Every structure is written in structure tokens, then in C-alpha cells.
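2 protein chains.
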Amino acid sequence: MLTTNINVEKQAIEAKKASKKLSILSTEEKNEALITLAKTLETNYETILKANEEDLAKGREKGYEDAFMDRLALSKQRVFDFAQGLRDVAELEDPTGQIHSQWELENGLDVKQVAVPLGVIGMIYEARPNVTVDATGLALKSGNAIVLKGGSSAITSNKAIVDVMKQGLEETKIPTDAIQFIDSTDRKATQELFTMKEHVDVLIPRGGGSLIKAVVDNATVPVLETGVGNCHIYIDEHAEVEKALNILVNAKTDRPAVCNAAETVIIHKAWLDAHKDELIETLQKHEISTHGDDFAQEAIPGTKPAGEQDWSSEYLSKDIAVKTVADVVEAIEHIETYGTKHSEAIVTESEKNADTFMKLVDAAALYHNASTRFTDGGALGFGAEIGISTQKLHARGPMGLPALTTVKYMMSGNGQIR
Amino acid sequence: MLTTNINVEKQAIEAKKASKKLSILSTEEKNEALITLAKTLETNYETILKANEEDLAKGREKGYEDAFMDRLALSKQRVFDFAQGLRDVAELEDPTGQIHSQWELENGLDVKQVAVPLGVIGMIYEARPNVTVDATGLALKSGNAIVLKGGSSAITSNKAIVDVMKQGLEETKIPTDAIQFIDSTDRKATQELFTMKEHVDVLIPRGGGSLIKAVVDNATVPVLETGVGNCHIYIDEHAEVEKALNILVNAKTDRPAVCNAAETVIIHKAWLDAHKDELIETLQKHEISTHGDDFAQEAIPGTKPAGEQDWSSEYLSKDIAVKTVADVVEAIEHIETYGTKHSEAIVTESEKNADTFMKLVDAAALYHNASTRFTDGGALGFGAEIGISTQKLHARGPMGLPALTTVKYMMSGNGQIR
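One line per chain: the protein sequences are W and P, in this order.
The first sequence begins at 1 in our numbering and counts up one residue at a time.
The second sequence begins at 1 in our numbering and counts up one residue at a time.
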């Protein structure tokens with residue numbers, strides 16, 4: 001345990017103080033700071049790589065799997081990419097200060113609803129060190145201080161990145177206390193953040209399902225829940241074969257480990273009967289392994305029996321569950337039972353079935369004849385995202401800079417009373 | 001204890017099912033239903049008054065105070081006012097189906113962000129039976145089912161109101177299960193709602209501080225926190241006397257028991273020295289009792305010493321705490337320490353001080369030269385409100401119908417993949 005003199009509350013209080021100074025900086029001052037941070041990361045990339053070596057050595061000792069080590073590993077290029085990310089965020093529109101609406105009451109009172117920073121963001125995340133830079137950039141640009149609690153496997157890399165960024169902040173108008181790094185692998189340090197309502201305005205957990213559940217179940221600080229994606233592609237009776245197969249392959253294999261990848265394909269039985277051969281060929285060509293219900297097992301050779309586990313969880317690999325249905329209503333019911341309200345797609349030429357699906361499926365993003373892979377701040381043109389919300393309050397779907405703001409009503413009068 | 005065969009989960013599941021049917025009704029169908037409910041309330045007012053008599057009798061037995069009994073008491077006029085409230089909600093714009101934004105990606109994928117109902121709203125509230133009708137009207141209009149858990153002192157009235165409304169729903173397109181009433185005075189019934197994430201989309205507590213805290217601290221279902229208002233009027237060195245006194249009197253005495261009433265006046269010492277006489281006269285004329293710091297006690301005769309309790313809680317009466325300060329920064333610090341982020345006002349002719357106050361005070365509503373009493377959905381022209389949010393996520397300040405919606409991204413393509 002690294003925990004020694006960690007005082008999470010003290011750090012949160014410092015972040016809160018810094019957030020007030022940060023909240024009144026101009027867009028230009030914030031942008032200049034982000035560019036300074038980018039340069040500092042580039043200048044000090046060797047320090048960061050050295051720290052990363054330590055994490056990698058520990059990871060090898062612990063026998064972490066390749067995909068995990070891959071996400072953990074940094075290179076000069078990757079650090080320079082982080083820096084470029086900060087420059088990109090500097091280019092984005094500043095959401096704060098924007099007037100969402102303005103009107104005048106009959107008595108002359110001027111009412112403005114203005115976007116303002118949330119204050120202090122608590123970011124709780126797992127392995128990838130890029131989150132340390134990305135989240136910090138988005139927080140600072142939107143006028144928020146950030147408290148970072150990363151995963152233990154990347155702690156040395158994260159700390160080095162934060163040290164370098166804080167060093168960079170010294171040359172800017174943003175107080176160095178606006179970035180706080182919880183230098184501890186103790187779970188208790190994370191749990192302290194959960195209830196620090198006075199100093200932390202929102203918690204954003206990013207990582208696996210158990211991390212997110214721990215935060216949601218235990219936090220009294222409001223949470224922006226980001227998403228586990230158990231996403232479905234429904235191939236309707238009236239689906240065009242080429243579209244269906246292209247979308248299926250893209251959603252399953254483009255990046256199997258991400259949250260907007262498909263985990264189950266739901267297929268109309270009549271369509272499956274009619275297009276079995278093309279489907280089988282496509283699955284084989286792309287090395288997709290199938291786990292299905294009885295009808296699917298009969299239709300697609302090599303399909304293993306699927307159980308509750310297959311329907312309800314993410315493979316994050318080139319495996320896919322195959323559910324067969326008699327109509328769109330049965331497809332919707334399956335999604336309702338097992339979906340995580342992230343991204344759901346229907347492939348069909350029937351406007352009626354598409355309409356039913358789009359209206360009745362309850363999820364952040366619904367697709368008619370397109371891949372679920374577009375649920376992503378970058379792909380949708382937001383420039384950057386702090387995560388993909390699968391909750392319904394505040395923000396749903398990919399969250400860009402505006403999700404890191406709240407509003408103030410600002411009323412200006414000349415003595416109005418009620 | 002009335003608890004016998006209450007099954008909160010079953011009721012929540014029924015609400016969820018009903019919410020799906022309700023979510024696809026047209027605005028017209030929902031409006032017709034609200035008007036039918038209004039008529040049913042009017043036709044059956046005697047049933048409601050009879051039930052109310054039971055609650056009143058119990059209240060008298062228990063020796064509740066007058067103000068409480070007053071809020072509990074119904075009359076034919078009040079029931080007809082409830083009905084009118086439903087007709088007013090029918091007139092409001094339907095927030096669902098509205099397209100917040102729409103754009104096309106370079107690949108031709110059409111992206112729409114559309115407002116949709118939240119699903120099921122859990123309303124946990126205290127004495128006033130009007131909340132039963134108001135919250136139901138707003139929920140149904142925005143396409144949401146509602147689970148009502150009212151206070152035990154009004155349980156018979158609330159049940160009668162709900163029975164009448166459910167009877168009314170039978171003649172409409174809205175399923176009767178869209179209104180669920182938890183007919184229990186057992187706290188456990190409320191607590192069951194706290195964690196019913198699968199079936200309840202949001203909890204809205206309305207009532208005193210301890211009720212709200214219990215929900216926030218224990219719920220895993222997302223909460224729309226509504227507000228305790230420990231509101232301040234800051235009279236700056238550069239305040240015009242007449243404006244300052246009018247605003248002070250209005251914010252304190254217009255309706256002392258509501259959350260947007262002022263509880264502390266912060267006065268610049270130089271202003272107090274200069275305008276002591278007018279202030280004292282005004283306070284006496286309006287029978288306002290003062291509790292203050294040393295400087296205030298010396299300046300205003302009859303001022304009792306103020307302690308932590310005075311600074312930090314709501315009087316909800318014609319008492320006010322008086323804090324004296326040397327400048328606007330000290331005023332802001334006091335508000336930061338004791339405020340509840342509801343409504344805060346500055347009275348000043350100094351644009352600079354007003355600007356500092358409006359920028360640095362962290363609250364839902366800030367006023368320059370106007371009374372805090374305007375923080376109200378009705379007063380701001382929202383038509384109706386489900387509560388006043390003092391949290392920062394999702395909705396802040398008075399919450400009208402749009403606060404009861406979330407969004408869906410709806411993408412329409414012709415085979416786009418990434």
C-alpha cells in the first residue's frame with residue numbers, strides 16, 4: 001500500500017478553492033494554459049516514459065494479459081498524442097458563459113440562464129493513462145478543477161503525468177491546485193471521495209462494470225454514470241443482406257473491446273432461414289464465434305449454446321450471442337431484458353418496424369441501418385468526450401464539454417419585488 | 001401501521017409497463033386525459049373532502065400546529081383549484097418529441113437528439129395533498145408514470161385523490177397503472193423505492209431537510225434534489241435605501257414559510273451606520289425579529305445574539321439573522337459557508353460589486369436589485385414546477401416540464417459503418 005499521508009479531504013478542499021479562481025478565467029486564458037500543458041508534456045516525455053516503465057515492469061510481474069499491457073504502455077508518440085489532444089480541446093468552443101436562454105418578466109426583471117462550470121470533478125478510472133490527460137483537459141477547458149483517482153496498475157505513470165502538468169500550470173493563470181492526484185492504491189481513498197458532497201460536485205467513474213457499480217451504489221456525491229455497453233444489432237425480416245452483414249461485422253469486429261461494439265445479434269427467423277449461407281460465410285471470414293439459442297444453433301454450424309451469461313454480459317472479443325425472434329416486438333423485449341441502455345441498432349427496410357424500434361427501445365443511442373460504433377464523441381463531431389453516459393439525468397450518450405457545466409439563473413432588476 | 005399487503009416492487013413494475021404505453025401517446029391524447037382528470041376531481045370533490053376530514057381529525061388529535069393543519073385542509077374551492085391546475089398543465093407545451101439538435105455526418109448519417117420521457121418518477125413528499133395532483137399532472141403531461149409516496153398525515157386525502165384520478169384515467173388513453181400510490185405509512189416502503197433502479201428512473205423528494213437528506217444519502221436511484229433555501233439578501237455599501245428595504249421586506253415577509261424567502265440579511269457596516277434609523281423603523285413596522293452579530297446587536301435595538309444555528313438554518317418565520325460585513329467578499333464568504341445554493345441577492349448601485357457577486361456566488365438563482373421570491377416556476381413563466389432544484393446536475397433552479405425528460409440520440413442511415 002502506498003497510502004501514507006494521503007488526505008483526500010484536504011485535496012478536495014484545495015481543488016474547490018482553485019475551482020473558484022479557475023471559474024472566472026477567460027476562454028483565452030484557459031486555452032493558453034492548455035497549450036502550455038501540451039508543450040510541457042512534450043518537453044518532459046522522457047520522465048513520463050521512465051515512470052511508465054515501472055508500471056509495465058510491475059504489470060509483467062503480475063502477468064497481466066497483452067491487451068491490458070497494451071493499454072498501459074506509453075511511447076514518445078503516445079505522449080505527443082496526449083499533447084495534441086490538449087491542443088484540440090483548446091480549439092473547442094468554451095461552453096461556459098453561454099446564455100442558454102434570456103427573457104424579461106412583465107415587471108422588467110431580466111432573466112438569464114447562463115452556463116457555468118460544475119466546480120470540482122472527481123474522476124475515478126481504471127488502467128489507461130490517457131484518461132489522466134484527456135479528463136484534465138476537458139475539465140480545465142470547462143472551468144472545472146479535477147480530482148484524479150486512477151487505477152493502481154498505472155499509478156506511477158499517472159503521477160508522473162500529473163506532476164508534469166502541474167509543473168506546466170505554474171506558468172499559467174490556472175492555479176496548480178486545480179489538478180489533484182490521489183496518490184494511493186487504497187480503496188478507502190476512493191471511498192472518501194464518494195461522500196465528499198461539500199467539496200466535490202460530481203463523480204465520473206470510467207472503467208469496468210464493478211467499478212461503476214461501486215461508485216453508483218455508494219456515492220452520495222452525484223454521479224455521471226458512464227457505460228457498460230451490452231449492445232444489440234437486430235436484423236429484421238425486412239433487412240437488406242449487404243447492409244445487415246456489413247453493420248454486423250463492423251459493430252462486432254472493428255474494435256471488439258469498446259463499449260459501443262455489438263455483443264448480441266438478434267435475427268428474425270425468416271431472415272435467418274433465407275440468408276443462412278451468406279451469414280455463415282461472413283461469420284467465418286471474420287472469425288466471429290457464435291453462442292446462440294436452439295434455432296441459431298441449428299442454423300449456424302459451430303454455434304455453442306447460449307445462457308444467461310451470454311445474453312447479459314459483454315464479450316469484448318470476437319464472440320457474439322445470437323438470439324432468434326419472430327418479430328420486432330420480441331427483439332425489443334430481449335433488449336429491454338438484457339440491454340444496458342447504451343446503443344441499439346435495427347437493420348430493416350420497413351419504416352414501420354424501424355419506427356417501432358426507435359420509439360420503444362429505451363437507450364442513449366438508437367440506430368436505423370447504421371453501426372452502433374458511432375456512439376462516440378469523436379465520431380459524432382463533439383471533438384472530445386469525457387465518457388458515454390448510460391444514465392438519463394443531466395447527460396445521455398457521449399458527453400462533450402457542455403456535460404461538464406451547470407447553469408445559474410442570473411436576474412437583474414431595479415428593485416423588483418413580488 | 002397501515003402496511004399489510006403493500007408490494008412496492010410490484011407497483012413500480014406496473015408503473016414501468018404503463019410508462020411505455022404512455023410514452024408513445026400523442027400530446028392531444030395526454031391533454032384530453034388531463035382534462036378528464038380535472039373533471040373527475042370536480043365531480044368527486046365530496047369524496048375527497050370526506051377523506052380529508054379523517055386526516056384533519058387525526059391531525060387535531062395529534063395537536064398539529066395551525067400552519068400545518070392549514071396546508072392539510074381541503075375545501076371545494078381547493079379541489080377545484082387542483083382541477084384548474086391540471087387544465088393549466090394541459091395548456092403547456094409538450095416537451096417530449098422536441099428535437100434539441102439535428103445534424104448530418106459527412107457519411108450521410110442523420111443524427112437527431114430528441115427529448116423523451118424519463119420513464120417512471122418516484123415522488124416522495126410531505127403533508128400537502130396538492131402535490132399529489134400537481135406532480136401527477138406534470139408527470140403524465142411529460143409522458144412519465146408516477147409512483148407517489150406522500151406523508152402519513154395526509155394519507156387518507158392522498159389516497160382518495162389518487163382513487164378519483166385513477167377512476168378518471170379509465171376513460172382515457174393513459175393506463176391507470178401510470179399512477180401508483182404507495183398506501184403505507186411504513187418508512188420501509190419509502191426505502192424500497194430508494195434502490196429500485198430497474199423500475200424507477202428518478203426520485204424527487206419534496207419536503208423538509210431531513211426527508212431530502214434521507215433520500216440523497218440512501219438512494220441509488222438518481223435523485224432530483226429539491227431545495228432547502230437558506231437565502232441571503234446582501235445590502236452593499238452602495239445600496240439605494242428604498243430598494244434595499246423594499247427587497248428585504250418582500251423577501252422576508254411576503255411568504256416566510258417558503259424556500260425562496262430570505263433567512264439572513266448581510267449588511268455592509270458603513271451602510272448600516274448610515275441608514276440605521278430607516279432600517280429599524282422598517283423592521284419594526286413589519287414585525288421582523290432580528291438575531292445578529294455584535295455589530296448588528298449594537299446597531300439594531302432588540303437584536304438577539306446569533307449563533308451557528310441562526311446562520312445555518314431556515315427560520316421560516318418573520319425572524320431574520322443579521323450579519324454585518326466590511327465588503328462584498330466577506331458577504332460572499334458568509335454565503336459560501338452557510339448558503340444552500342438556492343437564491344441569493346445583492347442590492348447595490350455598484351456594477352463592479354454586483355458583477356463580483358453574480359460571478360462568484362455559487363447558487364441556482366442570483367439577483368441583482370430584486371427579491372429572491374422570484375425563484376419559482378410560476379413567477380418565471382414556466383407555467384408550473386415539480387420543485388426547485390438546488391443540485392447542479394440535470395436541472396438547477398425551478399424545474400418545469402423539460403426537467404422531466406431525457407434525450408435519445410436517434411440515428412438514421414443507409415448502411416453506414418465506421
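Calculated directly from the structure, the hints in this document are not laboratory data.
Just to be clear, a hint being listed does not mean it is correct.
Note: identical chains are not told apart, hence a pair may lie in one copy or across any two.
In silico lysine-lysine, DSSO-like type, Cα no more than 30 Å apart, as pairs [as the list claims (entries may be wrong)]:
#	residue 1	residue 2
1	K50	K318
2	K188	K213
3	K213	K10
4	K173	K359
5	K173	K276
6	K197	K213
7	K10	K352
8	K269	K304
9	K269	K10
10	K269	K50
11	K352	K39
12	K17	K39
13	K173	K304
14	K188	K352
For clarity, every value in this text was computed on a predicted model and none was experimentally measured.
Hints and how they fare:
no.	hint	in the structure
1	K50 <-> K318	neither (34 Å within a copy, 66 Å between copies)
2	K188 <-> K213	both (16 Å within a copy, 23 Å between copies)
3	K213 <-> K10	both (26 Å within a copy, 24 Å between copies)
4	K173 <-> K359	between (48 Å within a copy, 18 Å between copies)
5	K173 <-> K276	neither (63 Å within a copy, 42 Å between copies)
6	K197 <-> K213	both (19 Å within a copy, 12 Å between copies)
7	K10 <-> K352	neither (57 Å within a copy, 32 Å between copies)
8	K269 <-> K304	within (18 Å within a copy, 80 Å between copies)
9	K269 <-> K10	neither (60 Å within a copy, 33 Å between copies)
10	K269 <-> K50	neither (56 Å within a copy, 58 Å between copies)
11	K352 <-> K39	neither (54 Å within a copy, 36 Å between copies)
12	K17 <-> K39	within (26 Å within a copy, 55 Å between copies)
13	K173 <-> K304	neither (60 Å within a copy, 45 Å between copies)
14	K188 <-> K352	neither (52 Å within a copy, 45 Å between copies)
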